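These protein sequence lines map, in sequence, to chains U and Z. For the first sequence, this note's numbering assigns the number 2 to the initial residue and increments by one for each residue that follows. For the second sequence, this note's numbering assigns the number 6 to the initial residue and increments by one for each residue that follows.
Note that these hints are calculated values from the structure, not bench results. Note that the coordinates shown come from a computational prediction; the quantities given were computed from them, not determined experimentally. For every residue, glycine included, the Cβ atom is placed at its ideal position computed from N, Cα and C. Be aware that a few hints might be false.
[Claimed, not checked] Among chain U residues calculated to face chain Z with C-beta under 10 Å, some are:
hint: 1; residue: ASN3
hint: 2; residue: PRO4
hint: 3; residue: ARG21
hint: 4; residue: ASP52
hint: 5; residue: LYS94
hint: 6; residue: PRO97
hint: 7; residue: ARG100
hint: 8; residue: GLY315
hint: 9; residue: GLY321
hint: 10; residue: LYS324
hint: 11; residue: ILE398
hint: 12; residue: LEU401
[Claimed, not checked] Partial chain Z-side listing against chain U, Cβ under 8 Å, derived:
hint: 13; residue: ASP119
hint: 14; residue: LEU170
hint: 15; residue: PRO171
hint: 16; residue: PRO296
hint: 17; residue: MET298
The lines below spell out each chain.
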Amino acid sequence: MNPFETLRFAVGGLAANKVRSGLTMLGVLIGVAAVILLLAVGNGSSQAVKDSIEKLGTNSLTVTSGAGFGATGGATTTKPLTVDDARALADTKTNPDVRSVAPEVTTSQTALYQGTSHTVSQVVGTYPAYFEASNSKVVKGDYFSADDVLNSRKVAVIGSTTATDLFGTADPVGKQLVLGGTPFTVVGELATKGGTGFQDPDDVVIAPLPTVQNAFTGFGSLNQILVEATSATATTPAQNEITTTLMGQHGISDPTALDFRVSSQTSLLTTQASTNQTFTVLLGAVAAISLLVGGIGITNIMLVTVTERTREIGIRKAIGAPKGVILGQFLTESTLLSLVGGGLGVAVGLIGSRFTIVGIKPVVIPESVVGALAIAVAIGLFFGSYPANRAASLRPIEALRHE
Amino acid sequence: MIPRLRLRRRGPADVPGAIVSSAENDPPPDPLAAHGLAADGGPWGPPPVIDVRSLMKTYGHGEAAVHALAGPYDPATGERRGVDLTVKRGDFVAVMGSSGSGKSTLMNIIGCLDVPTSGSYRLDGIDVGGLDEHQLSLVRNRKIGFVFQSFNLVPRTPALAQVELPLAYAGVRSADRRQRAVAALTLVGLGDRMDHRPNELSGGQQQRVAVARALVTSPAMLLADEPTGNLDSRSTAEVLGIVDRLNATGRTVVLITHEDEVARHAKRVVRLVDGQITEDVRQAPVDGPPPAMAPVPALPSSTGGDPR
Ligand SMILES: Nc1ncnc2c1ncn2[C@@H]1O[C@H](COP(=O)(O)OP(=O)(O)OP(=O)(O)O)[C@@H](O)[C@H]1O
Ligand SMILES: [Mg+2]
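So here's chain U without its partners, still in its complex pose (with noise of 0.2 Å):
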């Protein structure tokens, strides 16, 4: 018998069934396709974030007002933030590894342009060394200067989500929109962010700090202060100055009892990027017991087939079927099943990737594919070897006598 033989008799057993073979095909299809698609969207989604990590620039740190965890009894009276505070933090004698700080006052608002209307989510008011601690960069027109911070100018920077609900494809420099009652004049337009979080980062308004503070949040406290370090590795000492600083400020001693909050936003983006791994293997842990759950397939139809199919067996072994082609007829039957639903799954999983999925778009991790479609193969093989060798075994008449 040759290998070409025993793939046509194998075919002609499938073709017999042909119902069953093709549910055990879709098994093997839908696990081997939820694999690949899963880990893709897993992949995808922290993909963005490692993405966004480098967006935000990695030496920026915030400060925020309030106790930390676990210190919450410890502040007897907390200290808003202040622009003082943020004078200080500027203070290069004092804080070496601080390049900038860029206070920040956050407000939403409504936004209107010849009679569009748009809630713009973050309004921010702010100095200009926002934009480089934040990495925003401006694709059109340009930043507002710390002249316009001096006198107050009713200017904005806008994102590219409220440049386009408002203007549409219009250019937005130079015109003039109405925020919350107050008119601003656009001077410059973001490069668009992208992101995965809850919220839009490129629906934003970006204003000088007074001008926001006149108009919306009144001069009182600050959101946060947002502080670039001199550069990655100078975080650290950089956070440690801030604190020493503001301790000083709010004339706390206790450095247990802090009532504001430093963070770095690479710490942030790590916390998110782990629970995003997490994620991921949630999602991977699902689609290998998809995968499991088509393989029981493919044994559940080898066992029963093969069952089915003992006296059938026995009339093969009676007229000279050596052991080795019913062996081989049956595990090509069973890999063919298998090979054919996983080679469909990954077609369906990389075709699934090219879509955006709940807003991530999915990144086909290759390794994926290789092992999903393995693994397929593998349990194709090894379960339907198992009945197969079983059948192939007993004695002719003792497989006729089967019922």
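Starting from the structure of chain U, add chain Z with the ligands where the hints point.
Just chain Z with the ligands now, with coordinates in the frame of chain U:
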């Protein structure tokens, strides 16, 4: 009439040595057999095709044990001695006996489909008990043509493919295979039913497909378990005609039957009762034509002995 159905081998490596040499012992019938020299398996004569000694087959254990084959009681010990049976090359044996007497059990062991509980079986001088799984499959494929009591055709497989199957397992080329299968099917009168699946054939036609499948490899030995059990008298006559002609070409035939009519075709009738042989009657000489063909030889003798 009988087309050339010789099995061409791919190469000697394909077959264990012992089987190669004996497979050449296809017809013509050995002249020594006529002188009775082969009967006792002397060193100068060919051994009997079938040589069964003290054969026993027991199903189950203890109280529930069924002695399907046990042979006569030994007067000395009171134990069963097992079945002894020798069949010479070219013989045509009919095995008779009531239902459950052990006919099929004996036949399955002779056909290498089952193994005895005890005793020895030599096929063409080879001890079958000493063959491994692969050699057994070669023996089944090349030396034996088996027709089952219940046809046993491969389901969903057209008649032609069905008959090609033993040749496929023997490694015969596709074109060759087809040609021989067509010849065998034509021989059994099913030339116009080649593409029919078993469920599209009548019982008699299925039986004839089974006969065609058994003889397509030109085995030296045709074993048939009630080949006419399910057939009407006309189909019976057709199948028996085929068997007679095969025997006339020198093939050894063993068939099981309940009908005296069928047994009349045999050269020798063996009767089984409760797992032992009670009667062994010779109706015609081993080296002559089968009784049904005795008056007018239906085939020119050259066809049968043609060693091509
Ligand atoms: N697998 C088996 N297990 C147990 N007993 C069996 C088995 N096969 C056969 N037997 C018993 O062995 C005895 C002989 O059976 P066998 O099939 O040889 O009968 P038979 O002579 O061919 O009968 P029939 O003419 O009805 O075909 C019977 O009593 C049967 O019940
Ligand atoms: Mg029987």
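A quick look at each hint next to the structure:
Using the Cβ-Cβ criterion of 10 Å, the hint placing ASN3 of chain U at the interface with chain Z is satisfied: the shortest such distance is roughly 8 Å. Residue-level restraint check for PRO4 of chain U is violated (minimum Cβ-Cβ distance to chain Z is 13 Å; threshold 10 Å). Hint on ARG21 of chain U is violated. Least Cβ distance to chain Z is approximately 14 Å, over the 10 Å limit. Taking 10 Å as the C-beta contact cut-off toward chain Z, the hint placing ASP52 of chain U at the interface is violated, the least distance being around 57 Å.
A cut of 10 Å between beta carbons decides the hint on LYS94 of chain U: the least distance to chain Z is about 92 Å, and the hint is violated. The interface hint given for PRO97 of chain U is broken, as the beta carbon of that residue sits about 85 Å from the closest beta carbon of chain Z, more than 10 Å. A hinted interface residue such as ARG100 of chain U counts as satisfied when its beta carbon comes closer than 10 Å to some beta carbon of chain Z; here the least separation is about 80 Å, so the hint is violated. Taking 10 Å as the C-beta cut-off, the interface hint given for GLY315 of chain U holds, the closest approach to chain Z being about 8 Å.
This hint holds: GLY321 of chain U has a C-beta 2 Å from the nearest C-beta of chain Z, less than the 10 Å allowed. Look at LYS324 of chain U: its Cβ gets to within about 6 Å of chain Z, closer than 10 Å, so that hint holds up. For ILE398 of chain U, the suggested interface contact is upheld, since its CB lies about 4 Å from the closest CB of chain Z, less than 10 Å. Because the beta carbon of LEU401 of chain U sits about 7 Å from the nearest beta carbon in chain Z, less than 10 Å, this interface hint is met.
A least Cβ separation of about 4 Å between ASP119 of chain Z and chain U falls short of the 8 Å threshold, and the interface hint therefore holds. For LEU170 of chain Z, the shortest C-beta to C-beta distance to chain U is roughly 6 Å, which falls under 8 Å, so the interface hint holds. A distance limit of 8 Å between C-beta atoms decides the matter here; for PRO171 of chain Z the minimum to chain U is near 4 Å, and the interface restraint holds. Look at PRO296 of chain Z: its Cβ only gets to about 29 Å from chain U, farther than 8 Å, so that hint breaks.
Below 8 Å, beta-carbon pairs count as interface contacts, and MET298 of chain Z has none with chain U, the closest being about 28 Å; its hint is therefore violated.
Going through the hint list in order, the structure does not satisfy hints 2, 3, 4, 5, 6, 7, 16, 17.
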